[in-house]
Amino acid sequence: MEPLLKGLLGNDIITYVIMAFVPLLWVVPYALFAVWLERKVSAHMQDRLGPMRVGGWHGWAQTIADILKLIQKEDIVPAAADKKLHFLAPFVVFIGSYAAFATIPFSSAYVGSNLNIGLFYIVAVSSLVVVGILMAGWGSNNKWSLFGAIRSAAQIISYEIPTALALLVAVMLTGSLSLQEITKYQDGGMQNWILFGGPASLPGKFLLMPFTFVSFIILFVASLAETNRTPFDIPEAESELVAGYHTEYSGMKFALFFLAEYANMFAVSAIAATLFLGGWTSPFGSFLGGPIWGVFWFLSKGMFFVFVQMWLRWTLPRMRVDQLMYISWKVLTPWAFACVLGVGFYLVM
Amino acid sequence: MNDLLTHPLKTSTGRTIRSEEMIINMGPQHPSTHGVLRLEIVVDGEIVVDVIPHVGYLHRCFEKHCESMTNYQQVIPYCDRLDYIASMNMDWAYCLAAEKLLAIQVPERVQYIRVIMAELQRIASHLIALGTYGLDVGAFTPFLFMFRDRERILDLFEMTCGARLLYNYIWIGGVSHDLPPGFVDKAKAFCKYFRPNIKEFNDLLTYNEIFIKRTANVGVLPKDVAIAYACSGPMLRGSGVSFDLRKDDPYSIYDRFEWSVPVGKGEVGTIGDCWDRYMVRMREMTESLNILEQALAQIPDGDVASAIPKRIRPNAGDAYVRSESPRGEIGFYIVSDGSGTPYRVKARSPAFVNLSVTPEICRGSMIADLVAIVGSVDIVLGEVDR
Chain F
14 MEPLLKGLLG
24 NDIITYVIMA
34 FVPLLWVVPY
44 ALFAVWLERK
54 VSAHMQDRLG
64 PMRVGGWHGW
74 AQTIADILKL
84 IQKEDIVPAA
94 ADKKLHFLAP
104 FVVFIGSYAA
114 FATIPFSSAY
124 VGSNLNIGLF
134 YIVAVSSLVV
144 VGILMAGWGS
154 NNKWSLFGAI
164 RSAAQIISYE
174 IPTALALLVA
184 VMLTGSLSLQ
194 EITKYQDGGM
204 QNWILFGGPA
214 SLPGKFLLMP
224 FTFVSFIILF
234 VASLAETNRT
244 PFDIPEAESE
254 LVAGYHTEYS
264 GMKFALFFLA
274 EYANMFAVSA
284 IAATLFLGGW
294 TSPFGSFLGG
304 PIWGVFWFLS
314 KGMFFVFVQM
324 WLRWTLPRMR
334 VDQLMYISWK
344 VLTPWAFACV
354 LGVGFYLVM
Chain P
60 MNDLLTHPLK
70 TSTGRTIRSE
80 EMIINMGPQH
90 PSTHGVLRLE
100 IVVDGEIVVD
110 VIPHVGYLHR
120 CFEKHCESMT
130 NYQQVIPYCD
140 RLDYIASMNM
150 DWAYCLAAEK
160 LLAIQVPERV
170 QYIRVIMAEL
180 QRIASHLIAL
190 GTYGLDVGAF
200 TPFLFMFRDR
210 ERILDLFEMT
220 CGARLLYNYI
230 WIGGVSHDLP
240 PGFVDKAKAF
250 CKYFRPNIKE
260 FNDLLTYNEI
270 FIKRTANVGV
280 LPKDVAIAYA
290 CSGPMLRGSG
300 VSFDLRKDDP
310 YSIYDRFEWS
320 VPVGKGEVGT
330 IGDCWDRYMV
340 RMREMTESLN
350 ILEQALAQIP
360 DGDVASAIPK
370 RIRPNAGDAY
380 VRSESPRGEI
390 GFYIVSDGSG
400 TPYRVKARSP
410 AFVNLSVTPE
420 ICRGSMIADL
430 VAIVGSVDIV
440 LGEVDR
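Listed in order, the protein sequences are those of chains F and P.
If you're matching positions, the first sequence starts at 14 in my numbering and goes up one per residue.
If you're matching positions, the second sequence starts at 60 in my numbering and goes up one per residue.
Don't read these hints as lab results, they were simulated from the structure.
Take these hints with a grain of salt, some might be off.
[Claimed, not checked] In the DSS-like style, the derived pairs of lysine-lysine whose C-alpha atoms are separated by at most 30 Å in a straight line are:
(1) P/K159 <-> P/K405
(2) F/K156 <-> P/K69
(3) P/K159 <-> F/K53
(4) P/K245 <-> P/K258
(5) F/K156 <-> P/K272
(6) P/K306 <-> P/K159
[Claimed, not checked] Label pairs and their computed distance ranges (CB to CB):
(7) P/N261 <-> F/F317: 28 to 34 Å
(8) F/S140 <-> P/I106: 57 to 63 Å
(9) P/E126 <-> F/P91: 41 to 47 Å
(10) F/F317 <-> P/M81: 57 to 63 Å
Using N, Cα and C, we set each Cβ at its ideal position, and we do this for glycine too.
Model the full structure from these sequences, guided by the hints.
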């Protein structure tokens with residue numbers, strides 16, 4: 014898509030601006046849809062109907078109405094807040110989760126920037142979210158917000174280690190940090206997914222399968238923690254910390270936190286789908302392949318994990334801070350190390 | 060250990076760095092204080108050093124109001140508003156005390172109706188207690204499942220007396236209306252419907268690994284402390300003391316039914332932890348169903364209004380009667396000076412007494428545990444503050 018646009022427009026800068034906005038065309042409608050979906054999923058799990066009125070069919074316009082309401086709301090800044098930090102925090106959080114979309118390949122024809130260190134870049138920029146959350150917690154000048162922010166910082170930093178190690182398994186197999194390369198490595202159908210040990214042509218692939226499978230589970234659990242979703246929603250634990258770091262936000266700034274959360278949910282799902290489930294490649298070989306269907310497969314795989322995240326959220330209770338740290342340091346990290354070692358041994362042999 | 064709280068750090072530039080304990084207000088506006096309880100908590104990081112409960116935000120001068128009524132029956136709507144999620148039990152407790160003062164014997168049918176209502180109310184109240192407890196530890200779905208079933212009980216109440224929350228149904232000497240036609244069948248159908256649902260709750264929440272991790276060995280209330288603080292109800296039974304007024308000091312017709320008193324056994328942790336208190340409530344619902352089924356099968360015909368006195372003017376004297384509400388021992392002490400209004404009414408509130416033990420069991424736990432402990436006490440602020 015990038016050479017095509019360059020040829021059409023003849024201008025690099027406009028091309029890059031357009032390329033940068035393309036994920037937004039997905040993220041914003043997706044977030045509106047995902048909020049509605051979350052309400053519907055939770056409602057149907059809980060013997061309710063959820064929104065049914067706004068817009069006619071099953072309340073499809075409910076989130077649009079919510080956004081209209083939030084736009085009209087007064088933007089309240091607490092008198093004792095640190096005005097600059099309080100103002101900037103939601104933007105930093107959103108930028109952190111949006112920037113990750115830059116190197117995620119939506120299809121064989123579209124990737125914001127085909128960096129050769131794409132995965133490394135994602136791990137780096139997604140940590141920016143922590144800065145935003147700390148800014149929000151500190152800037153609000155509210156003890157509950159501060160608690161949420163501190164918990165969040167501890168949690169996200171702890172869980173980055175198992176995440177990075179689990180990502181490493183896919184990187185070691187493919188020998189590339191570029192997400193486009195990793196996806197192409199798994200082309201040709203379900204049997205080639207790294208989840209099941211990589212391409213069928215690999216000798217002794219069944220030896221790899223336990224390691225890749227476990228590292229996928231580790232990646233998924235750790236990414237739940239990174240997006241602050243149940244059972245790891247400790248930073249915004251409603252019954253303990255009211256609303257955590259975004260307690261003191263209202264109107265559009267609050268909506269921006271929400272948008273960032275849902276964008277993040279999709280980003281981590283997309284990364285898991287790209288690394289272990291073949292990204293935009295069709296699960297059935299060449300059936301429904303090609304760049305256009307690639308977008309469909311990529312979004313379906315991503316949305317499936319978004320749905321799983323919602324499913325878990327409405328089923329499980331919340332962990333406690335010390336239990337959360339225990340899982341990260343004493344369960345996930347050693348297992349992730351074991352997976353890295355196992356794959357390493359395989360590659361050496 | 061290099062603890063900045065006790066050992067301040069000197070930097071090379073001569074500055075002293077030390078950490079402090081932080082005082083946080085939890086409530087009266089907080090999602091998990093179950094109303095308008097205010098907890099002043101002193102925390103060292105995530106660890107709770109001390110808890111000071113402040114009550115009284117819902118104080119409505121109940122006892123003074125009772126003295127200014129024009130007659131004894133008028134007190135009952137105020138009793139409804141004490142423990143507003145177990146109104147039937149409150150009304151009944153007050154009426155028992157007034158009936159003792161007047162020395163009235165209520166008809167057989169009224170006894171049965173009262174037991175049926177009280178046990179239905181106990182299930183409804185425990186459903187709220189367990190559901191909101193799930194909310195406190197972050198599980199949202201069981202809460203709505205439990206409200207779905209509570210709705211059926213409220214429908215039964217609405218069918219009987221028109222009200223769904225504050226009934227004014229149990230009157231001194233009787234009840235305000237007889238059971239409507241079809242009530243007994245519907246109540247039996249409810250028992251049949253509800254029994255399997257308890258298993259569903261257990262599968263969904265009780266034996267969930269995360270839920271057990273969050274509640275086992277948390278907020279352990281030892282037997283002797285529970286007795287020393289005069290705890291009652293599931294709070295006391297959770298600590299392994301088998302004490303239920305329906306069994307140990309039977310009032311009304313409770314001695315006619317076959318049922319047992321569930322106590323905490325420390326199945327997944329220590330005896331007297333939050334999980335035990337939760338489980339005692341869960342098992343009490345089964346026992347209430349047992350009582351209900353027997354009462355519904357035995358209920359005789361008769362008149363419900365025959366014993367309601369026209370004028371209530373007890374002789375000068377006093378009476379104290381205690382009974383078992385879903386939260387524990389509710390007692391009413393009424394002093395009469397021979398006039399048409401009570402001279403003094405005192406309510407012994409179980410939730411207030413149970414709440415007083417929380418600072419004792421909260422110290423040293425984490426903030427998340429504090430929420431779990433306060434939830435397991437199952438307070439209703441209307442009754443705490445009166």
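Status of each hint after checking the structure:
As the CA atoms of P/K159 and P/K405 are separated by approximately 15 Å, the hinted pair is consistent with the 30 Å bound. Between F/K156 and P/K69, the direct Cα distance comes to roughly 27 Å. Compliance with the 30 Å bound is thereby established for this hinted pair. Proximity of P/K159 to F/K53 is assessed by CA-CA distance (about 54 Å); at most 30 Å being required, the pair is judged violated. Note on P/K245 and P/K258: the hinted pairing holds, with a Cα-Cα distance of about 21 Å set against a maximum of 30 Å.
Only pairs whose Cα atoms come within 30 Å are accepted, and F/K156 paired with P/K272 is accepted, the gap being roughly 27 Å. A threshold of 30 Å between alpha carbons decides the hint, and for P/K306 with P/K159 the separation of about 20 Å falls inside it, so the pair holds. At about 30 Å, the CB distance of P/N261 to F/F317 agrees with the hint of 28 to 34 Å. The given range of 57 to 63 Å is broken by F/S140 and P/I106, whose C-beta atoms sit roughly 28 Å from each other.
At about 45 Å, the CB distance of P/E126 to F/P91 agrees with the hint of 41 to 47 Å. Taking the beta carbon of each, F/F317 and P/M81 are about 43 Å apart, not inside 57 to 63 Å as hinted.
Checked against the numbered hints given earlier, this structure breaks hints 3, 8, 10; the rest are met.
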